[in-house]
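Take the sequences, apply the hints, and build the full model.
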Amino acid sequence: MGLMERFFGFSWGVHPEDHKRPAADVPARHMPMPEHLYISLAQHLGAPALPAALVGQRVRKGELLAHPQGPVSAAIHAPTSGVIVAIGEIPAPHPSGLPVLAVTLAADGLDAWTDLEPCADPFALDPEEINHRVAQAGVVGMGGATFPSALKLSGSKKAGVATLILNGGECEPYLSCDDRLMRDAAADIVDGIRIMLHATGAREALVGIEENKPEAILSMREAAAAFGEVRVCPVPARYPMGSEKQLALVLTGKEIPAGRLPADIGVVVHNVGTAKAVSEAIRLGRPLITRLLTVNGSMVNAPGNILAPVGALVEDVLRFAGGLAGTPTRLVMGGPMMGLSLPHPRVPVVKGTSGILALSAAEAAESAPAPCIRCASCVRACPVGLLPLEMARHIAAEDLEGAVDLGLKDCIACGCCAYVCPARIPLVQYFGHAKGSLAAEERARMRTEATRKMAEARKTRLEAEAREKAEAAARRKAERAAKAALEKAKAEAEAASSQTASQDAPQTTPQAAQTEGSSAS
Amino acid sequence: MSAFLLLLISTALVNNVVLVQFLGLCPAMGVSRKLDSALGMGMATTFVLTLAAAASWMLEHWLLVPFRLEFLRILTFILVIASVVQFTEMFIRKMSPLLYQSLGIYLPLITTNCAVLGIALLNAQREYGFFWSLAYAFGSALGFTLVLMIFAGLRERIALSRVPAAFAGAPIAFITISLLALAFMGFAGLNVQG
Amino acid sequence: MTAAVLSLTLLGLTLGLLLGIAGKRLAVEDNADVAEIEALLPGTNCGQCGYPGCAGAAAAIAEGAAAVTCCPPGGKAVAAAIAEKLGVCVDLSGMAGSEPQLALVAEDLCVGCCRCIRSCPTDAILGAPKQIHNVLKEACTGCAACIDECPTEAIQMAPVPVTLAHWVMPRPAPA
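Residue numbers (the numbering used here), protein chains in the order written: chain A, 1231 to 1751; chain B, 1379 to 1572; chain C, 54 to 228.
Hints in this document: simulated from the structure, not taken from any laboratory. It cannot be assumed that every hint is accurate.
To be verified - In silico negatives: residues of chain A with every beta carbon more than 12 Å from chain B:
1. D1345
2. D1351
3. G1637
4. E1701
Said to hold, decoys possible - Some, not all, of what chain B presents toward chain C, calculated at C-beta under 8 Å:
5. W1440
6. L1441
7. L1447
8. L1450
9. T1454
10. L1457
11. S1461
12. Q1464
13. F1465
14. M1468
15. F1469
16. R1471
17. K1472
18. Q1479
19. R1540
As the list claims (entries may be wrong) - In the BS3-like style, the derived pairs of lysine-lysine whose C-alpha atoms are separated by at most 27 Å in a straight line are:
20. K190(C) x K1665(A)
21. K138(C) x K1472(B)
22. K129(C) x K1639(A)
23. K1472(B) x K1665(A)
24. K77(C) x K138(C)
25. K1665(A) x K1639(A)
26. K138(C) x K1683(A)
27. K1689(A) x K77(C)
28. K1472(B) x K77(C)
29. K1412(B) x K138(C)
30. K1683(A) x K129(C)
31. K190(C) x K1683(A)
32. K190(C) x K129(C)
33. K1665(A) x K129(C)
34. K1720(A) x K1699(A)
35. K1412(B) x K1472(B)
36. K1412(B) x K129(C)
37. K183(C) x K1699(A)
38. K1412(B) x K1639(A)
39. K1689(A) x K190(C)
40. K138(C) x K1665(A)
On a predicted model such as this, the values are computed, not experimentally measured, just so you know. Glycine is no exception: its CB is placed at the ideal position from the N, C-alpha and C atoms.
So, in structure tokens, the structure goes:
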């Protein structure tokens, strides 16, 4: 923490109206199983999962639907029992509305569990076994980044992480699913934290909870009272406190350097929802197939938190939540600051869906951007200390290199800059565009590299073929020559036998046969 | 010593070669798109200018004046300058191919850079001594580099701004450099003597 | 008069000699550039640039006869890499029209003649005699070398489809 922050409080971030209540205070509701579930195969960071089930196959709840594919990927399981009716493309929960591969499951209404592998004493398990079981359960980060948790656990073990930070910040306005989870399932979360401590070898766990959630702090403190290694630390309510870099800074006083991982300063950050998922995966053997999500926004009739199966359509979730009061100006998956704007509600809930917001025109506050007046409000708001206005200028002039020099890669896309901008410039969109373009350039570069390799492989193949052809031709030529020699020898022998006495003739033939044999080899 | 310093300041700022004497405008407009190449051009010109001033002083005092050949001044000076530029080009090409590429056509054009010939002729006209000539050339080159870099910095920022279509490109650059010239006129009030 | 002629001649000779020596001492071999540019090009020798193979294109670019943007399969990325190597500024926005393409085989027209397979510089076309051919999306560079080979015009070029992984957020309209 810098001197200025020590004396004058935080200079970064913003303090938006949080809109969390009354939705946070309503008890969580269980959504009944819809008739059809659309389980996306790209619910996590990394490569999409590889389908393991077949169309027409009958699966039970919790059965594996898709294998992880590649080093960074996660398994996907059936959220209920039923029949797989299709494996094909459906609209992805993404602003582009592009298709994504998904398994469509028709629920049979029985909701019958498959055979699970519970564990009574997780602390007797080897850390590697815990990682394996977490990976088997397809647990990913529940905060929204959806990084496969098993990888994070094994990585922290390797890096020798000393402190486990639990992110209960939930700084995004409107969202309250983590708050609700901490109030209702504090014991499970603390259990999950202790399992994660065991798996990573970390000594202590700090649970960072924003001060605007007093009930959650109380409930977590009670649950953690018996365990000295788990400490609950209230943190100031300030957006983006739930970003791992900011939370780590506030809780440990150490800043994660640019381009480095939290493990480099000896910490690892997990969401509280992930802790609960880990506890369930280890204690009960249950894979990650449901999640608590917040349905909120002024267009929602009955805002609240809903336990929904992964794969349920946003449309169905909204209907269960009491329906909409009208057509929302903007439908958002996730929080209003960093969430994804959805083109329509016929997209499925995924593991990383923390909320569904139906915002009215007043809440969406869309307005045409005005020219930048260089007031530098965005510079003050940026939690990473960048110059958003300068970066956007470079990107607008298509100078991506210049934007990277100004630290584009450290941008966490929190949206503080766009939130405070008096000219309503869509700064985050500029940065999103630039990051996407840079990734595309990198892909093109790798493609050229691959093309060169393929062209070289073809060249060596053609050369090898030509060589083989030449060798075969030479061989045939040799064979022909040997044959000709043989015929010649035969003819000579015949001529000789016809001329001289018949006793010499039988000896020449085996000799000729021998020469033929040696030339062919 | 202070006289030398004064000469440097007055040549670099008060009588700036580009903005006050209007010499060397061609590279000032041509190689001022990027700060890096502007610095490279400035350094190359400094090198050439100083070397050419020294060479032309020697020519003037050891060849032209003794043999009463002053009418050959422009011819011989151009010859020397062209050779120095050629040498600089070879040198840069060997040492920094990247700078060589970024200077491009403007490197050989230093030959016809009126600042180089102008300074050499002014030195001869004002009958400066050897070290005064060197200081005068070096100061002018410093002024040239300074203006080139200020202008390149401005142009880099202009490239990021949205300029009205009618002014985009060269027009806005001309407007900028005229404003810069106006600003440099302010140095005329600098009392260098006092 | 004699003095003038003599001094100018002497001066010219001396400077010429000095430059000649400097030229020998500071000579640079030009071919380094060509080899480096060739390493940046895709190396498929598809011929879309109009030069005989990537080596020819590299030589042309090094001489300045060809633009750095002359390689369509390489696209913006290759153009930018070459421009950086040569230290030249180049306007790449004009290349937006030449977005990456893929070859697609129309299955109802393909007669399985294998001609396209032989022409493909990256072995991206699969097939056997009298079997319908197909293009490996991952290996096709969009060089269009196969188009003219097909006797039934079964191969067409199509833009690379945008997928979720390749999607780029659009740039906001300026204020």
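Verification of the supplied hints:
1. For D1345(A), the condition that its CB be more than 12 Å from all CB atoms of chain B holds, with the nearest at approximately 62 Å.
2. Listed as a non-interface residue, D1351(A) keeps its Cβ farther than 12 Å from every Cβ of chain B; the least gap is roughly 62 Å.
3. Once the 12 Å rule is applied to beta carbons, G1637(A) is consistent with being away from chain B; the minimum gap is 16 Å.
4. The Cβ of E1701(A) lies farther than 12 Å from every Cβ of chain B, with a closest approach of about 46 Å, so its non-interface assignment holds.
5. The criterion of a C-beta within 8 Å of any C-beta in chain C is not met by W1440(B), whose closest approach is roughly 11 Å, and the hint is violated.
6. At about 6 Å, the closest approach between the beta carbon of L1441(B) and any beta carbon in chain C falls short of 8 Å, and the interface hint on this residue holds.
7. With a least beta-carbon distance of about 6 Å to chain C, the hint placing L1447(B) at the interface is held under the 8 Å criterion.
8. For L1450(B), the interface hint holds, since its Cβ comes within 8 Å of a Cβ in chain C; the closest pair sits about 6 Å apart.
9. Taking 8 Å as the C-beta contact cut-off toward chain C, the hint placing T1454(B) at the interface holds, the least distance being around 6 Å.
10. Because the beta carbon of L1457(B) sits about 6 Å from the nearest beta carbon in chain C, less than 8 Å, this interface hint is met.
11. Interface hint at S1461(B): satisfied, since its Cβ lies 4 Å from the closest Cβ of chain C, which is below the 8 Å cut-off.
12. With 8 Å as the threshold, the beta carbon of Q1464(B) comes within range of chain C, its nearest partner Cβ sitting at about 6 Å, so the hint holds.
13. Given the 8 Å rule on beta carbons, the hint for F1465(B) holds: about 5 Å separates it from the nearest Cβ of chain C.
14. Proximity of M1468(B) to chain C holds as hinted, the smallest CB-CB distance being about 4 Å (cut-off 8 Å).
15. Nearest Cβ of chain C to the Cβ of F1469(B): about 6 Å, under the 8 Å cut. The hint holds.
16. A cut of 8 Å between beta carbons decides the hint on R1471(B): the least distance to chain C is about 6 Å, and the hint holds.
17. Because the smallest distance between the Cβ of K1472(B) and any Cβ of chain C comes to about 4 Å, under 8 Å, the interface hint for this residue holds.
18. Residue-level restraint check for Q1479(B) holds (minimum Cβ-Cβ distance to chain C is 3 Å; threshold 8 Å).
19. With 8 Å as the threshold, the beta carbon of R1540(B) comes within range of chain C, its nearest partner Cβ sitting at about 6 Å, so the hint holds.
20. Distance check on the hinted pair: K190(C) and K1665(A) sit about 25 Å apart at the alpha-carbon level, within 27 Å; holds.
21. Between K138(C) and K1472(B) the CA atoms are separated by roughly 16 Å; this keeps the pair inside 27 Å, and the hint holds.
22. A distance of roughly 21 Å separates the Cα atoms of K129(C) and K1639(A); the hinted pair therefore holds under the 27 Å criterion.
23. Straight-line distance between C-alpha atoms of K1472(B) and K1665(A) comes to about 38 Å, which puts the hinted pair past the 27 Å bound.
24. In summary, the hint linking K77(C) to K138(C) is supported, as the alpha carbons are separated by about 25 Å, within the 27 Å threshold.
25. Between K1665(A) and K1639(A) the alpha-carbon distance is near 8 Å, which keeps this suggested pair within the 27 Å criterion.
26. Restraint check: the Cα-Cα separation between K138(C) and K1683(A) comes to about 21 Å, which is no more than 27 Å; the hinted pair holds.
27. For the suggested pair K1689(A) and K77(C), the alpha carbons sit about 40 Å apart, so the restraint of at most 27 Å is broken.
28. Of the supplied pair hints, the one linking K1472(B) and K77(C) holds, its CA atoms being roughly 12 Å apart against a limit of 27 Å.
29. Proposed proximity of K1412(B) and K138(C) is supported: the alpha carbons are some 16 Å apart, at most 27 Å.
30. Of the supplied pair hints, the one linking K1683(A) and K129(C) holds, its CA atoms being roughly 20 Å apart against a limit of 27 Å.
31. Restraint check for K190(C) and K1683(A): satisfied, since their Cα atoms lie roughly 16 Å apart, inside the 27 Å limit.
32. Taking the CA atoms of K190(C) and K129(C), the gap is near 20 Å; set against the 27 Å cutoff, the hint holds.
33. Of the pairs offered as hints, the one joining K1665(A) and K129(C) holds, with about 16 Å between alpha carbons and a cut-off of 27 Å not exceeded.
34. The suggested pairing of K1720(A) with K1699(A) is violated, with an alpha-carbon distance near 31 Å, which exceeds 27 Å.
35. Between K1412(B) and K1472(B), the direct Cα distance comes to roughly 22 Å. Compliance with the 27 Å bound is thereby established for this hinted pair.
36. For the given pair, K1412(B) sits about 21 Å from K129(C) by alpha-carbon distance, which is consistent with the 27 Å threshold.
37. For the suggested pair K183(C) and K1699(A), the alpha carbons sit about 24 Å apart, so the restraint of at most 27 Å is met.
38. Distance hint between K1412(B) and K1639(A) is fulfilled; the C-alpha atoms sit about 24 Å from each other, no more than 27 Å.
39. Taking the CA atoms of K1689(A) and K190(C), the gap is near 20 Å; set against the 27 Å cutoff, the hint holds.
40. Simply put, K138(C) and K1665(A) have alpha-carbon atoms about 24 Å apart, close enough for the 27 Å limit, and the pair holds.
The structure shown violates the earlier hints numbered 5, 23, 27, 34.
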